Amino acid sequence: MSISFSLKQIASFLDAQVQGDESVEITGIATLESANAHQLAFLSNPKYAKQLERCQAGAVILQSDQAQSFKGNCLVVSDAYLCYAKISAWFDRTPVAEKAIHASAVIDPTATIGEAVSIGANVVVEADVCIGSGSTIKANTVIGARSVVGNDCCIAANVSIYHDVQLGCRVNIHSGAVIGADGFGFAPNGNKGWQKISQIGGVVIGDDVEVGACTTIDRGAIHNTRIGNSVILDNHVQIAHNAVIGDGTAMAAYAGVAGSTVVGKNCLLAAGAHVVGHASLCDNVQDMAHSLVFKDINQPNSYSNAVMPLMTTADWSKKLCTNRAAKPNLAAIKKTRKKRLSR
Amino acid sequence: MSISFSLKQIASFLDAQVQGDESVEITGIATLESANAHQLAFLSNPKYAKQLERCQAGAVILQSDQAQSFKGNCLVVSDAYLCYAKISAWFDRTPVAEKAIHASAVIDPTATIGEAVSIGANVVVEADVCIGSGSTIKANTVIGARSVVGNDCCIAANVSIYHDVQLGCRVNIHSGAVIGADGFGFAPNGNKGWQKISQIGGVVIGDDVEVGACTTIDRGAIHNTRIGNSVILDNHVQIAHNAVIGDGTAMAAYAGVAGSTVVGKNCLLAAGAHVVGHASLCDNVQDMAHSLVFKDINQPNSYSNAVMPLMTTADWSKKLCTNRAAKPNLAAIKKTRKKRLSR
Amino acid sequence: MSISFSLKQIASFLDAQVQGDESVEITGIATLESANAHQLAFLSNPKYAKQLERCQAGAVILQSDQAQSFKGNCLVVSDAYLCYAKISAWFDRTPVAEKAIHASAVIDPTATIGEAVSIGANVVVEADVCIGSGSTIKANTVIGARSVVGNDCCIAANVSIYHDVQLGCRVNIHSGAVIGADGFGFAPNGNKGWQKISQIGGVVIGDDVEVGACTTIDRGAIHNTRIGNSVILDNHVQIAHNAVIGDGTAMAAYAGVAGSTVVGKNCLLAAGAHVVGHASLCDNVQDMAHSLVFKDINQPNSYSNAVMPLMTTADWSKKLCTNRAAKPNLAAIKKTRKKRLSR
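Residue numbers (this note's numbering), protein chains in the order written: chain A, 285 to 627; chain B, 285 to 627; chain C, 285 to 627.
By construction, these hints were calculated from the structure, which means they are not laboratory data.
Quick caveat: nothing in here was measured; it's all calculated off a predicted structure.
Check the hints yourself; a few may be wrong.
For identical chains, the list gives no copy identity; a pair is met inside one copy or between any two copies.
Taking lysine-lysine pairs in the DSSO-like style, the calculated list, with each CA pair at most 30 Å apart, reads [as the list claims (entries may be wrong)]:
{"id": "1", "residue 1": "K292", "residue 2": "K355"}
{"id": "2", "residue 1": "K331", "residue 2": "K476"}
{"id": "3", "residue 1": "K579", "residue 2": "K292"}
{"id": "4", "residue 1": "K549", "residue 2": "K476"}
{"id": "5", "residue 1": "K334", "residue 2": "K579"}
{"id": "6", "residue 1": "K331", "residue 2": "K579"}
{"id": "7", "residue 1": "K355", "residue 2": "K331"}
{"id": "8", "residue 1": "K331", "residue 2": "K292"}
{"id": "9", "residue 1": "K355", "residue 2": "K383"}
{"id": "10", "residue 1": "K292", "residue 2": "K334"}
{"id": "11", "residue 1": "K355", "residue 2": "K334"}
From just these sequences and the hints, can you work out the full model?
If you want it as structure tokens, here you go:
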């Protein structure tokens, strides 16, 4: 497959001003450092501005301040990163799934399947499911009874969607994700162990949501767990039962919220940031990587409580561990390291 | 589907005393705040006691101290949360799987399948597997050779169970969970890289165990990895090879134990709490969220070493990071946040 | 199945010196503590040296210093742990998959399948995939278009491999792993939410790589995400887009690297250790458990910034939380613990 667009075509789509030769043919996207004479690069992180000098790209997406001194072809825009994001789809070689239902798919006769839907091999669609027009369900995915997939969604291979889950339109779910598993609800029952609490609620997900690989969104205990519009969840994220995630919020890998927690709009939970149960975060809160939020946050700001300055383990041991009984024996650790990997 | 029970029926099952009208029909469970005149609510967290005043519920499960001043219908019990847990199953609308083997399931002829078993579409059951009576195996799950599933288990869709894994009775496993993958065992072999250690042991899981979505329990290196009775594991939990988890222990999301670690009975590992390898925890230990237990614990208590007071990232930077070379530039972080999400 | 080898056979394979009776028949491997008269044990962790006294093993793998005083049969070697690793495969009872393609597998006619390949039930192999000789693909796994699996790989059940992913030879991938999902790349687009960036790159994985259960390796945004030779990744590991992991590096459970980060050769990221985006680690770096590396590391060493001394939560609260508004109420925590499990 060969893709090629003139710089003029691209400029027109991005509403960009061309500086240089608008007839150059662009066949792909590359970094400033690696781009060849038919590839498009971009500069958004000032850290890489020096690379403009030796850049061999066919054209570069630049903001006006950087464009002034650049000698090569460029597209002058107000937001280079956003323009790169928008044009990236033109060079995407992801195979397009056939708009058909594979013969091996197991589709309950009560399911409603919209137009131009693609359903892959070994997909299982249970009773009373609705799948909206234009959606793609890839191989070996399972969609539980009474769940609804909106229009133009893309559900990757090996995704598990339980019963009574609702997805809006243009929702992307990556492989290994699990939507609607039971929330972790148990009552202690003395000597009889844990009494399981039936998780009666479902999950409702808005429009334009991304769910990363191996991310889990549990069903509600009583009411629904709710994910707003334009929420983006990275891999290995955990959304516990009854949680509510506001529109536009982003959660990086391993970020998680515990049960009944409410996260406002346009928040950012960085990698490994967790919020305890029944807490409430207002809009526009940032929790830095590895932070543990154990109370409500009512003021938009960036918060952290996670880590100390990075130091060698020897220093760390000296400064932080002098008063503990079992001081780590670094010599032993190093020796052990040579012997085996124990985790 | 319409569900309805009189308050009298519910009181009888819960051994509760009715205060008010025992003939009221209950059609569902809801929170104190949202319940309507035909829904049952409960109060267990004193934080929500104020909501009793405006509560519109058909009835509320209460303990005697709160019941005295309550004007509406209520069920007076000694443990409101436990009673809510017990009655929740009456209002569970989870579809009941048909007690049949789906035509598309691939079942080895040497497998033994009990009575009243439900096996979903595209399930794969390998040689010499035993599945106990009353168990349900949902779509696209794989059960490896010689593994045993006890009676009345429920294995959700897309679960992976390797060979030589034994599950007790009434074990629930959620989608994406992996039981019996190889433990992470390698010996350094000089310039030849890592020498893999065959993981010869299996996994043995007791009765009444819950395994959350995307949770992993590795097979033993030599002997079996063992999970006791009434153990409850949330999503994204990691149990490494040879670990032993005592009866009644609960592990929240992202909690994990490394290889050969022994956790006692009725312990609680909160979210993200990890225990290093070859450690031993006595019964009734609590490890708070994000803690890292790097030595044996011999006294029942609650332990932590994880986080500091939550503060703004600006304060955090000032107080904790003054002596490090690369102090985070908050202005830059904020600016970057506007531009893009980098994790 | 019965396995038995004479100690002489084992000594010959390991190039070990026999001390004692070389005719003893060995039927399995066990720990020093549990081994019977026909089982082989080993001593590598000096912590367990005392167990030699009462050891009932048929033979023990020992280094020369420990062998001198040992009265039983033993194999004297220079690296007991490595020798145990090498011999472990002789006692592995993992079922060998039949070298055939299961009738239920869905294989695109354009795929190229090597010799002596095993493809399990319900496996889906998309267009233009190549699978090398001797490889095993277990049940319900999906391999996306144009991906390449090298020779003698073993891909477990329910693995998801997207399009344009390349695996070297002798790669083991465990269940629930996801290779090639979209990297987490979005540009903020004002009131319009997040603009998704097409993830155009692929994933390239070297030879002799282990990928644990539920581990995710995202495809590159522009270029490929790259995993070197002899890299070993435990369960729940996250490799973000464009990351490069050097040969021989090991990452324990929950370890992760963010986008565009470069990790050198023979590094060790312990459990939960994370590296922020666009950082660079030189060869031979160790990041201790729960550390968060937020800058480049240019000196081989062991680093940490994660945890403080372990203490009771009561002490932790007193020492660390006196100045925060919402001091945790331990009495309340304990009481709540009795009532229910909230995460």
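Hint check:
1. K292 <-> K355: within (18 Å within a copy, 75 Å between copies)
2. K331 <-> K476: Only across copies: K331 and K476 sit 27 Å apart there, 60 Å inside one copy, limit 30 Å.
3. K579 <-> K292: neither (53 Å within a copy, 40 Å between copies)
4. K549 <-> K476: For K549 and K476, the Cα distance is within 30 Å only across copies (13 Å; inside one copy 42 Å).
5. K334 <-> K579: between (44 Å within a copy, 20 Å between copies)
6. K331 <-> K579: Answer is between: at 14 Å across copies they meet the 30 Å cutoff, but 36 Å inside does not.
7. K355 <-> K331: Within one copy only: 19 Å inside a chain, 65 Å across chains, cut-off 30 Å.
8. K331 <-> K292: within (28 Å within a copy, 63 Å between copies)
9. K355 <-> K383: Neither. Shortest intra-copy (46 Å) and inter-copy (60 Å) distances fail the 30 Å Cα cut-off.
10. K292 <-> K334: within (26 Å within a copy, 65 Å between copies)
11. K355 <-> K334: Answer is within; shortest intra-copy Cα gap is 13 Å, inter-copy 69 Å.
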